[in-house]
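For the sequence shown, the working numbering gives the first residue as 1, with consecutive numbering after it.
To be clear, the hints were calculated from the coordinates, so they are not data collected in a lab. Computed from a predicted structure; not experimentally measured. It is possible that some hints are incorrect.
[As the list claims (entries may be wrong)] Computed beta-carbon distance windows for the label pairs: (1) Asn97 <-> Glu166: 19 to 27 angstroms; (2) Thr173 <-> Pro121: 45 to 53 angstroms; (3) Ala104 <-> Arg71: 23 to 31 angstroms; (4) Val43 <-> His171: 25 to 33 angstroms; (5) Arg107 <-> Asp30: 45 to 53 angstroms; (6) Arg72 <-> Arg3: 19 to 27 angstroms; (7) Leu24 <-> Leu127: 45 to 53 angstroms; (8) Asn97 <-> Glu2: 41 to 49 angstroms; (9) Pro124 <-> Leu24: 37 to 45 angstroms; (10) Pro169 <-> Leu28: 19 to 27 angstroms.
[Said to hold, decoys possible] No farther apart than 25 angstroms at their CA atoms in a straight line, the calculated lysine to aspartate or glutamate pairs in the DMTMM-like style are these: (11) Lys46 <-> Asp36; (12) Lys46 <-> Asp65; (13) Lys46 <-> Asp33; (14) Lys46 <-> Glu64; (15) Lys46 <-> Glu75.
Backbone N, C-alpha and C define an ideal beta-carbon position, used for all residues, glycine too.
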Amino acid sequence: MERLRLATVWLGGCSGCHMSFLDLDEFLIDLADRVDVVFSPVVDAKEYPDGVDLVLVEGAVANEDNLAMIRRVRERTRVLVSFGDCAVTGNVTALRNPIGGADAVLRRSFVEQTDLDPQIPLAPGVLPVLLDRVTPVHAVVPVDVYLPGCPPPAPRIRAVLEQLLEGRPAHLTGREIKFG
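Using the sequences and the hints, build the whole thing.
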């Protein structure tokens, strides 16, 4: 059996989806028999590779680094899964949108809400360049599968992975789709 090349990516979010992924417990051992993890925040890969079969993308597109990464991911991946509510809808990450564009968010965070040396950090590499609006993944690139939840519970992640690993389209029904 040919091993699939699996990746996970973390954009603008809290990493809760990756923590839920780790809650797959013993299924992770079964998964390790079937896939090679080629990129993830839990491995030491520095560059997103070509030829990825399946990727779970956590988080919304919130800054220029996220934007470049999601475009690279889509270009190099066969099946892209929007992994968790931030990736699916923008969710908590997009709560900054009503404040205004990037300048308004930075001003609120680094000038209005501080007592010591209020200033927006401008030195290169200190902060990623924020986008004016946080968007879900599908607003930037085509998404193949939506895996909702904040975070998605491990049984829901497993249900989607098992279907995709068997070459079937992912379809959540019944208890798998229930929130909470």
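- Using the beta carbons of Thr173 and Pro121, state whether their distance is inside 45 to 53 angstroms or not. Given about 47 angstroms between the Cβ atoms, the range holds.
For the hint 19 to 27 angstroms, verify it against the beta carbon of Pro169 and that of Leu28. holds, 23 angstroms
Straight-line alpha-carbon gap Lys46 to Glu75, limit 25 angstroms:
holds, 17 angstroms
Task: Satisfaction of hint between Glu64 and Lys46, Cα-Cα up to 25 angstroms - done: Holds, because 18 angstroms separates the two Cα atoms, which is no more than 25 angstroms.
#### Entry: Range hint 23 to 31 angstroms (beta carbons of Ala104 and Arg71) holds or violated
With Cβ atoms ~26 angstroms apart, the hint holds.
Cβ-Cβ distance between Asn97 and Glu166: within 19 to 27 angstroms? violated, 38 angstroms
Could you see if the CB distance from Pro124 to Leu24 stays within 37 to 45 angstroms? holds, 38 angstroms
Exercise. Falls inside 45 to 53 angstroms, the C-beta gap from Arg107 to Asp30?
Worked result: Since the Cβ atoms of Arg107 and Asp30 sit about 49 angstroms apart, the hinted range of 45 to 53 angstroms holds.
* Asked: So the hint says 41 to 49 angstroms: do the beta-carbon atoms of Asn97 and Glu2 match that?
  -> holds, 42 angstroms
Between Lys46 and Asp65, does the CA-CA distance stay at or below 25 angstroms? holds, 14 angstroms
_I want to verify a distance hint. Is the separation of the beta carbons of Leu24 and Leu127 within 45 to 53 angstroms?_
Between Leu24 and Leu127, where Cβ atoms are some 33 angstroms apart, the hint is violated.
Does Asp36 sit within 25 angstroms of Lys46, going by the straight-line distance between their CA atoms? holds, 16 angstroms
Going through the hint list in order, the structure does not satisfy hints 1 and 7.
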